[in-house]
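Chains A and B, in that order, give the protein sequences. Once you know that position 332 of the first sequence is 332 in the working numbering, the rest is easy, because the numbers rise by one and skip nothing. Once you know that position 275 of the second sequence is 275 in the working numbering, the rest is easy, because the numbers rise by one and skip nothing.
Check the hints yourself; a few may be wrong.
All copies of an identical chain are treated as equivalent in the list; a pair is satisfied when it fits inside any one copy or across any two copies.
[Stated by the list, open to error] Okay, derived cross-link-like pairs now, DSS-like style, lysine-lysine, Cα gap no bigger than 27 angstroms in a straight line:
| id | residue 1 | residue 2 |
| --- | --- | --- |
| 1 | Lys449 | Lys72 |
| 2 | Lys3 | Lys386 |
| 3 | Lys53 | Lys386 |
| 4 | Lys53 | Lys450 |
| 5 | Lys198 | Lys72 |
| 6 | Lys450 | Lys198 |
| 7 | Lys450 | Lys72 |
| 8 | Lys449 | Lys100 |
| 9 | Lys198 | Lys386 |
| 10 | Lys190 | Lys386 |
| 11 | Lys100 | Lys386 |
| 12 | Lys100 | Lys450 |
| 13 | Lys449 | Lys198 |
| 14 | Lys190 | Lys450 |
| 15 | Lys3 | Lys53 |
| 16 | Lys386 | Lys206 |
| 17 | Lys53 | Lys449 |
| 18 | Lys100 | Lys198 |
Treat the hints as calculated values from the structure; they're not laboratory data.
Number of protein chains: 2
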Amino acid sequence: MAKERLVIIGGDAAGMSAGSQAKRLNPDLEVTAFERSPHTSYSACGIPYFLGKVVDDASSLIIRPPETFREKYDIRARVRHEVIEIDTSERRVRVRDLEKGREWNEPYDQLLIATGAAPQVPDMPGSDAAGIFGLGTLQSGLDIERFLEESRPERAVIVGGGYIGLEMAEALMMRGIRVSLVHRGAQVMKSLDRDMGKLVSEALDKAGVSLYLEEEAQGFDTVHGRVSGVVTDRRTISTDLVVFGLGVRPVTAIAQRAGIPLGARNAIRVNTLMQTEVEGVWAAGDCAESFHLVSRRPVHIPLGTIANRQGRVAGVNLGGGYATFPGVMGTAMTRICHLEVARTGLREDEIRGSGLEFETAVIESRTMAGYYPGASSIFVKLLAEKGTGRLLGGQIVGGTGSAKRIDVLAVILHGGMTIGDIINLDLGYAPPFSPVWDPIQTAARVLEKKI
Amino acid sequence: MAKERLVIIGGDAAGMSAGSQAKRLNPDLEVTAFERSPHTSYSACGIPYFLGKVVDDASSLIIRPPETFREKYDIRARVRHEVIEIDTSERRVRVRDLEKGREWNEPYDQLLIATGAAPQVPDMPGSDAAGIFGLGTLQSGLDIERFLEESRPERAVIVGGGYIGLEMAEALMMRGIRVSLVHRGAQVMKSLDRDMGKLVSEALDKAGVSLYLEEEAQGFDTVHGRVSGVVTDRRTISTDLVVFGLGVRPVTAIAQRAGIPLGARNAIRVNTLMQTEVEGVWAAGDCAESFHLVSRRPVHIPLGTIANRQGRVAGVNLGGGYATFPGVMGTAMTRICHLEVARTGLREDEIRGSGLEFETAVIESRTMAGYYPGASSIFVKLLAEKGTGRLLGGQIVGGTGSAKRIDVLAVILHGGMTIGDIINLDLGYAPPFSPVWDPIQTAARVLEKKI
Chain A
1 MAKERLVIIG
11 GDAAGMSAGS
21 QAKRLNPDLE
31 VTAFERSPHT
41 SYSACGIPYF
51 LGKVVDDASS
61 LIIRPPETFR
71 EKYDIRARVR
81 HEVIEIDTSE
91 RRVRVRDLEK
101 GREWNEPYDQ
111 LLIATGAAPQ
121 VPDMPGSDAA
131 GIFGLGTLQS
141 GLDIERFLEE
151 SRPERAVIVG
161 GGYIGLEMAE
171 ALMMRGIRVS
181 LVHRGAQVMK
191 SLDRDMGKLV
201 SEALDKAGVS
211 LYLEEEAQGF
221 DTVHGRVSGV
231 VTDRRTISTD
241 LVVFGLGVRP
251 VTAIAQRAGI
261 PLGARNAIRV
271 NTLMQTEVEG
281 VWAAGDCAES
291 FHLVSRRPVH
301 IPLGTIANRQ
311 GRVAGVNLGG
321 GYATFPGVMG
331 TAMTRICHLE
341 VARTGLREDE
351 IRGSGLEFET
361 AVIESRTMAG
371 YYPGASSIFV
381 KLLAEKGTGR
391 LLGGQIVGGT
401 GSAKRIDVLA
411 VILHGGMTIG
421 DIINLDLGYA
431 PPFSPVWDPI
441 QTAARVLEKK
451 I
Chain B
1 MAKERLVIIG
11 GDAAGMSAGS
21 QAKRLNPDLE
31 VTAFERSPHT
41 SYSACGIPYF
51 LGKVVDDASS
61 LIIRPPETFR
71 EKYDIRARVR
81 HEVIEIDTSE
91 RRVRVRDLEK
101 GREWNEPYDQ
111 LLIATGAAPQ
121 VPDMPGSDAA
131 GIFGLGTLQS
141 GLDIERFLEE
151 SRPERAVIVG
161 GGYIGLEMAE
171 ALMMRGIRVS
181 LVHRGAQVMK
191 SLDRDMGKLV
201 SEALDKAGVS
211 LYLEEEAQGF
221 DTVHGRVSGV
231 VTDRRTISTD
241 LVVFGLGVRP
251 VTAIAQRAGI
261 PLGARNAIRV
271 NTLMQTEVEG
281 VWAAGDCAES
291 FHLVSRRPVH
301 IPLGTIANRQ
311 GRVAGVNLGG
321 GYATFPGVMG
331 TAMTRICHLE
341 VARTGLREDE
351 IRGSGLEFET
361 AVIESRTMAG
371 YYPGASSIFV
381 KLLAEKGTGR
391 LLGGQIVGGT
401 GSAKRIDVLA
411 VILHGGMTIG
421 DIINLDLGYA
431 PPFSPVWDPI
441 QTAARVLEKK
451 I
């Protein structure tokens with residue numbers, strides 16, 4: 001009997017997690033992954049740290065190269081191979097070898113689409129000039145690195161104030177580059193409420209980033225095909241380098257052409273097993289939807305944690321086991337200019353959209369006992385349903401030791417628990433780690449009085 | 001109409017939290033606190049850091065001195081005053097002014113006992129010699145400090161390997177003192193399972209502490225009334241200073257004499273409102289019981305977090321509001337020689353005592369993304385009920401960023417959640433904070449296969 005064939009489109013977190021997991025459960029499975037870029041299974045989240053020279057070597061971001069998959073897992077991972085068409089009725093994909101130009105049809109019994117997401121690069125006058133980059137794959141990071149080494153830019157403009165934009169702003173500053181940031185919103189980080197985003201804007205300003213808030217990039221000036229300025233609705237900012245930080249969109253055109261239904265923000269619609277609506281076709285990672293467990297709506301949240309977890313679930317099911325991915329809480333975090341930033345659940349505007357009545361509290365406390373050296377400020381914002389006190393979201397901005405506190409709130413959300421539950425939690429305390437009332441509990445005590 | 005009188009015995013965390021809270025809710029209440037020592041409302045947990053010169057000034061450990069309570073809260077806090085008798089039928093206490101020697105009866109309408117806990121100092125030959133200390137009140141810390149300054153000891157022996165013993169070992173090493181530690185158990189930190197305690201023993205050994213495990217102090221050699229050696233069942237260890245780290249016992253003799261029922265380990269029995277079984281008498285803090293929400297048994301866990309939370313609950317109820325203290329999870333943490341140590345829930349021997357069937361998993365992971373500079377080892381142990389997968393306990397030992405991860409497990413316990421829930425948690429990730437699978441989830445994935 002012929003072996004069952006699993007074909008995976010995309011060789012990063014979701015795809016290769018799934019492939020390894022499936023192969024572990026069912027060693028008879030024949031697993032082939034096609035990856036357009038030259039790299040498999042790398043930490044995209046680590047690229048800004050490589051560019052900032054916090055991490056010395058790009059190769060340390062690669063968790064497993066193709067050879068490891070071949071030798072250790074018996075998985076064929078073929079890089080520089082692009083799947084250009086999916087035929088779900090014939091159960092085959094059309095593959096192009098990007099080096100040799102050869103094309104062929106590859107049959108599958110089960111197909112996993114893990115094509116990821118790509119940076120949003122708006123089509124504006126001059127946007128094809130040299131020196132303008134989006135950051136997505138490891139290869140795109142290496143392209144920026146080569147540009148930094150060869151062109152030694154003195155000035156950079158980041159267009160967009162999301163996670164990648166801010167991480168890139170910091171990375172470029174660490175390379176001695178003068179950084180400006182153009183952002184449409186009133187504060188950076190639209191994943192935070194404005195009052196919390198303001199704390200991040202202030203930290204960037206203090207760190208020396210020139211902030212152009214409520215301002216929109218509309219095009220680029222170029223000289224001899226190289227970018228020389230960013231034209232906004234208010235001014236032109238001279239620059240040698242532009243990096244887009246406008247977020248990413250799921251890479252799903254190929255799925256759409258194959259008739260596989262898309263959902264939130266054009267991400268591929270999946271059930272909790274990670275199956276698409278087409279028989280034998282699965283999807284996982286940044287190209288797939290998630291279900292938001294607080295808003296109870298499908299969302300598209302492209303993050304490494306979710307990609308790995310979705311990949312694991314798809315892999316268990318593809319390997320003959322059973323696992324589900326119930327959904328996400330919207331947890332995310334980063335560190336910008338020594339400031340730790342984290343969020344989970346819903347923001348104010350997201351709650352308003354759902355029609356729930358809610359109250360909020362923001363407190364300032366300390367990351368450690370007040371008398372302990374190194375203690376710094378931490379701001380905690382909690383959002384809870386009026387009447388019931390059910391937690392709906394939380395945001396944290398502060399010094400070292402702040403961000404991972406969001407995990408407590410993520411578990412509270414997971415359990416559908418309340419502000420009263422937070423007050424009653426038996427959280428850990430010792431002077432180097434926390435005040436005796438953890439800042440999260442201090443915020444809960446303030447919010448409790450309003451509910 | 002005469003004002004209602006609340007008398008509080010004990011002026012530290014539980015007593016003064018309760019007093020402030022009650023007064024805030026009911027400004028007409030007349031609140032008087034009697035405190036035997038010279039200090040109110042201080043961080044006992046901070047004393048080892050003061051002695052280790054991490055914290056410069058003992059006064060920074062004092063959160064609120066008596067004057068603040070008088071001036072800001074309209075609470076009379078009388079230090080150096082000892083309550084020597086409680087008469088619950090006449091509703092009065094007998095107070096002794098320790099400076100002037102005067103005694104009188106103080107009537108009350110409501111009485112809160114917040115007498116705290118005191119270090120266990122076993123009665124052994126020579127144990128009354130100079131240079132032998134227990135660490136409890138801030139005053140006892142100041143006594144040790146004076147001894148360190150005046151006698152300049154070169155060698156110290158810690159008797160007992162619990163939290164305070166280990167924190168004192170580190171503090172004295174930071175003062176340049178050679179430290180030995182005598183501990184009856186096979187590994188230090190009996191609040192951990194032996195496999196996790198071993199990691200702490202190894203760190204102490206590596207830091208230069210001479211460990212005498214499975215060895216028992218039986219008495220002391222003295223010269224001219226000063227300690228000169230610790231006599232164990234195997235040897236005599238020469239020393240200039242001895243500090244007991246054998247844990248604390250609740251200070252409840254006065255309550256017992258008044259006929260107030262005691263419970264676990266002679267702590268005062270209380271309900272979830274923090275009422276004792278005697279009308280008009282309440283108890284909170286290190287002298288009171290807690291209910292363990294995992295073992296479903298009364299326990300005595302003397303910790304600052306619990307004292308503050310119990311004090312708040314007692315205060316709300318005494319002020320005419322309503323609050324309950326449902327219980328504790330057994331969460332505790334510390335940092336010893338750069339190693340962060342945390343635990344929650346039940347240990348193996350505690351689960352065995354309850355008759356539940358369980359499985360465990362211990363994993364080693366990294367505190368940050370493996371490629372991120374500063375990432376260090378973290379060990380996570382999870383214990384869960386066989387069959388159901390319900391989490392029963394967890395222990396963490398590792399580098400910076402390890403300890404507060406225990407809070408996630410404390411919330412999981414609070415919600416009665418399972419290992420499967422842990423795998424599905426949407427925890428925060430960014431390279432400076434965590435691997436893409438948080439170590440807690442990695443442990444859950446290993447344990448899931450055994451359940």
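**Study point:** In rising order, the numbers of the hints this structure does not comply with
**Key:** 2, 3, 4, 5, 8, 11, 12, 15, 16, 17, 18
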